[in-house]
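Participant: Got chain A sorted already, so can you dock chain B onto it with the hints?
Protein chains: 2
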Amino acid sequence: MNPLATSSALQADIQQRAVPAALIDALKKRFAERCTTALVVREQHGRDESSFEAPPPAAVVFAESTADVAFTVKMASDHGVPVIPFGVGTSLEGHLLAVQGGISLDVGRMNQVLSINAEDLTVTVQAGVTRKQLNEAVKSTGLFFPIDPGADATLGGMSATRASGTNAVRYGTMRENVLALEVVTAQGEIIHTGTRAKKSAAGYDLTRLLVGSEGTLGVITEVTVKLYPLPEAISAAICSFPSIEAAVRTTIQIIQMGIPIARVELIDANTVRMVNNYAKLGLREEPLLLMEFHGSPASVKEQAEMVQEIASESGSHAFEWATTPEERTRLWTARHNAYFAAIQSKPGCRAISTDTCVPISRLADCLLDSVAEADASGIPYFLVGHVGDGNFHFGYLIDPKQPEERNIAEKLNHALVARALALDGTCSGEHGVGLHKMDFLVTETGAGAVDMMRSIKKALDPKNIMNPGKIFIL
Amino acid sequence: MNPLATSSALQADIQQRAVPAALIDALKKRFAERCTTALVVREQHGRDESSFEAPPPAAVVFAESTADVAFTVKMASDHGVPVIPFGVGTSLEGHLLAVQGGISLDVGRMNQVLSINAEDLTVTVQAGVTRKQLNEAVKSTGLFFPIDPGADATLGGMSATRASGTNAVRYGTMRENVLALEVVTAQGEIIHTGTRAKKSAAGYDLTRLLVGSEGTLGVITEVTVKLYPLPEAISAAICSFPSIEAAVRTTIQIIQMGIPIARVELIDANTVRMVNNYAKLGLREEPLLLMEFHGSPASVKEQAEMVQEIASESGSHAFEWATTPEERTRLWTARHNAYFAAIQSKPGCRAISTDTCVPISRLADCLLDSVAEADASGIPYFLVGHVGDGNFHFGYLIDPKQPEERNIAEKLNHALVARALALDGTCSGEHGVGLHKMDFLVTETGAGAVDMMRSIKKALDPKNIMNPGKIFIL
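Taken in sequence, the protein lines are chains A and B.
Read in order, the letters of the first sequence correspond to residues 1 to 474 in my numbering.
Read in order, the letters of the second sequence correspond to residues 1 to 474 in my numbering.
Excised from the complex, chain A in its bound form:
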């Protein structure tokens, strides 16, 4: 059975394209041991955090410079061979799978922080720099980079998937925070988009076209992003609620009142239990919100007081404050480990992740019915959410050897997406389309808009070599 076949968009015939020996020879000649066909390396580059499987790429190239990337793409273009950009492999939607064969182009060694412009609150990095590395590099400037998808992803990967995460409710997503890019086109040419100016009306917004293009239009090699002053005051709190509904209603009111909360994350009782087991946290096993407030001391106090008042009207328990940086780190590490805690709760399982995002007023409608459906299904799941953005994730924990479990999970996912779309929402808040959401994308935006995407893809990558078979099948 084609392991991808349960996702209806993936039932199209997937052809592995031939990778000529002449291409491998040319790459080995230039890159020596930095081009490898060793199976273990190819397999490690042929998967990601999704539950999908495909044959590994024919070779892996470890680029150390933009010139390396340009050379590789140019050679691949000459031979009509797919190129799949690879950062650290944390995609959740099958972006890194070589579904049509080809070369995995690992930019992880392109990890230089190129220029920190603290007085402009910008930084330019190579695509392989990870978000933690970036924050370490800018720490002494009093600035930070807020986008936090949980995983320690690369800036190139985060740009390619239009990532966001826990801080997006306050600071926006990669869409709002990438100022400029260096990109190797599908022809192997190096281009630059955007500038370090905060805004621009100079021509088509290629930066934002490439942000979220999932490697299908070119390889991102450098990224310039905004930085923010480290808040004068930060405080974080945990607040438990008698029901998910109470937690969600609290969130909706926080957002509708315009309180500039920096983080507001939902974890359901079941997932709290998993996290407790994984990290020995001793959290109250009820639905909870993890919150963080940034600002001046007075502003943080004001925000926290308003939120406490709103929460208590929904019957919340008292806030538990994480006052030291160490306690905050422990809290957010627990949040970020929810995925791994869940995976560990069912040995051998894989998670099928959902990623719907709806307008804030629809959040309760979208979430509560989906919880009821998931509970009724018998499939264990975790549930976490960047609920301030209307974005949440179920992770249905399936045994990959049991097709029926996958079927049930996909049915739950379909019902959830249908619900989100009916509520003016989107099938993907931050993970991207990848292999998994092609049908959803057409339902969401209509065939006309997807045709426009296809036209752009064909114009910019006429040989269809850039990460083919993702977002749509040409």
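Certain hints may be false.
Note that the list lumps identical chains together, so a pair holds whenever it fits in one copy or between two copies.
[To be verified] Okay, derived cross-link-like pairs now, DMTMM-like style, lysine to aspartate or glutamate, Cα gap no bigger than 20 Å in a straight line:
1. K74 / D451
2. K301 / E232
3. K226 / E176
4. K411 / D439
5. K463 / E189
6. K29 / D78
7. K401 / E53
8. K301 / E320
9. K463 / D451
Simulated from the structure, these hints should not be mistaken for laboratory data.
Facilitator: Relative to chain A, chain B alone:
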């Protein structure tokens, strides 16, 4: 002489394309008096606020629905005739000129506010709704739409040029504030991009590709934008400085400290004089910053105190506060009338506007040298700036009958743009490329990126009928 010829990008042969009688007949048959060839209407639709001139369009269609737009574009496509979308005509860069002939498609009558979703802080409007009309429509909800380019432009036009203005320093530009679009493609098909969800990673970001595409990829017919809660407290102040440099240094520090100021606008002494003459304001004729603070009462007080301290270190005079809504309106009306005040100061003149935007730390370097050059040139000018974004505008006041004045102004403009680009800035912060900045665009982003834009244009509009000859010449 071709009146456009002083802009070097416009020296290419500009061909007026034929508009067949059969097309006009078909349009008149459907639209009756809503399709007109009357010269006065065509002339009114063949110009904008720029200093450029071109023959008027062959006809003007007044659309009242998306179906009207789709019909018109489809017919024009069948005949290979240009279509130039028109809102209220406030473009500053020649966007509305029929440089290749064709039909002006006026969407000004598509002025319905379609749905206000106050609980989600979103609103959907037809493209012809203006920003003042929008704010009037949502006033009772306690929300507002902050993007304020000065002119009472349409939401369609503001989207098409990626407009911003005085509030962008706090609330972002159209780039950050458009959530979704309805668009008629160059083939006359109706498509939808985006959703009302706050964020999305579902496929290529067509919304942001179309925002700022200046009518060259399709006609925007509906726009969904974000709204914001009216701040609990607003206070506005005028502060005069002994020099432009002192005002600019103050601005740089405000931004670098992360103070969330809502507006910070520079007006130079000369322009204050023009505004005083025009509106009898009695402002101190020195460089000044107009500022506005939004937030809770405590936060507004805190922001204002910090800014006053920074300003006084630069030798500023005391703040003069505009405490009532009426005083604030008077203040911002004066700012918005700077353009008209300047035009009136030299009877018969036109303004050649600049629009550079640089990283905040480079603002003084970019601005002060350009002031010195403008002063030395003998050409009168006004100078205003959204300086918190690093964006400012000279308006060189030229006699259109004196080619030498235009030449001097264009030389000043070229020198300013070259300076801005050398400082990592952009040739256009918010006005767009239009007819005026094609060469600058290539210098700024490189031929490779402009080639990518051209490829997209050719793919989406193979007959080159959508506002041809703007941004680049195919």
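Participant: Run every hint past the structure and note whether it holds.
Facilitator: How the hints compare with the structure:
1. Taking the shortest alpha-carbon separations for K74 and D451, only the inter-copy value of 17 Å comes in at or below 20 Å, while the best intra-copy value is 27 Å.
2. When the C-alpha separation of K301 and E232 is checked against a cutoff of 20 Å, the pair qualifies both within a copy, at 12 Å, and between copies, at 17 Å.
3. In this homomeric assembly, K226 and E176 come within 20 Å of each other (Cα to Cα) both inside a single copy, at 9 Å, and across copies, at 14 Å.
4. For a Cα distance limit of 20 Å, the shortest separation of K411 from D439 inside one copy, 13 Å, qualifies, whereas the shortest one across copies, 53 Å, does not.
5. In this homomeric assembly, K463 and E189 come within 20 Å of each other (Cα to Cα) only inside a single copy, at 15 Å, whereas the closest approach across copies is 27 Å.
6. For a Cα distance limit of 20 Å, the shortest separation of K29 from D78 inside one copy, 16 Å, qualifies, whereas the shortest one across copies, 53 Å, does not.
7. With identical chains, the CA atoms of K401 and E53 are at most 20 Å apart within one copy only, with a shortest distance of 12 Å there and 70 Å across copies.
8. Taking CA atoms no more than 20 Å apart as the test, K301 paired with E320 passes inside one copy only; the shortest distance there is 15 Å, against 30 Å between copies.
9. For the homomeric pair K463 and D451, the shortest alpha-carbon distances inside one copy (17 Å) and between copies (17 Å) are both at most 20 Å.
Violation of the numbered hints given earlier is absent; every hint is satisfied by the structure.
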